[in-house]
Amino acid sequence: DTTVKQNPRYKLARVGKPVNLICSQTMNHDTMYWYQKKPNQAPKLLLFYYDKILNREADTFEKFQSSRPNNSFCSLYIGSAGLEYSAMYLCASSRDRGGDQDTQYFGPGTRLLVL
Amino acid sequence: GDSVTQTEGQVALSEEDFLTIHCNYSASGYPALFWYVQYPGEGPQFLFRASRDKEKGSSRGFEATYNKEATSFHLQKASVQESDSAVYYCALSPSNTDKVVFGTGTRLQVSP
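Chains as they are written, first to last, in this note's numbering: chain A, 3 to 117; chain B, 21 to 132.
To be clear, the hints were calculated from the coordinates, so they are not data collected in a lab. Keep in mind that the hints are not guaranteed to be accurate.
Claimed, not checked - 25 Å max Cα-Cα, derived DSS-like pairs, lysine-lysine:
id, chain 1, residue 1, chain 2, residue 2
1, A, K7, B, K119
2, A, K19, A, K40
3, A, K40, A, K65
4, B, K119, A, K65
5, B, K119, A, K40
6, B, K119, A, K54
7, B, K119, B, K76
8, B, K119, A, K46
9, A, K7, A, K54
10, A, K46, A, K19
11, A, K39, B, K119
12, B, K88, B, K119
This one's a predicted model, so the numbers in the text were calculated from it and none came from an experiment.
Turn these sequences into a full structure, and let the hints guide you.
Put into structure tokens, the structure is as follows:
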């Protein structure tokens, strides 16, 4: 089973309110990623966990938090949503550290709309 | 920084047409190059990769050849089908890094 699952598939949030997105995989992959995808833009890496180690991109460091309570689950947390957070959020996993020798498996995404 | 450029935002073809989607990259050394495909309602799926100059990657009738001199990795298929309608992403991963950098994607629409 190479499925990555994301919940919810659609999320409506109010400006200033928190948002929590969930991702799960049962492939026992070491690395899990979160990307943000806006129309006509490339998927943008927000952060990734290699095992229990969180790596956040410099330009999104303060905007997103994440947790990985076990190998299978990973969350993406927005403390106070702004209009600019409206986007598709894609979760992915890879067996090892990812990058040039690895393959990423993506979930179907969560479409977040902030009003 | 490292980047991927896909010049076509959308491509419209008829069944059995020849497909080319252009991908150029900017990165030092020999990054790994990838193509991913995203069908409606799904996440991107790995199609294939190439890691060395002149290496050809292929899958499901699609192919692309790593061209270091031209810094390109163009996707081609000899005869497209309606079921190939999807968004195609070119991507790269610099050597010895954990990250993948994606292009903006090309939406392919194939008419019967």
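Hint check:
1. A:K7 x B:K119: holds, 21 Å
2. A:K19 x A:K40: Holds - the C-alpha atoms of K40 of chain A and K19 of chain A are around 20 Å apart, at most 25 Å.
3. A:K40 x A:K65: holds, 16 Å
4. B:K119 x A:K65: holds, 20 Å
5. B:K119 x A:K40: Holds, at about 19 Å.
6. B:K119 x A:K54: It holds: about 17 Å lies between the C-alpha atoms, which stays within 25 Å.
7. B:K119 x B:K76: Judged against 25 Å, a Cα distance of about 22 Å means the pair holds.
8. B:K119 x A:K46: Holds. K119 of chain B to K46 of chain A sits at ~11 Å (cutoff 25 Å).
9. A:K7 x A:K54: Roughly 20 Å between the alpha carbons, so the hint for K7 of chain A and K54 of chain A holds.
10. A:K46 x A:K19: holds, 23 Å
11. A:K39 x B:K119: Holds, because 16 Å separates the two Cα atoms, which is no more than 25 Å.
12. B:K88 x B:K119: holds, 20 Å
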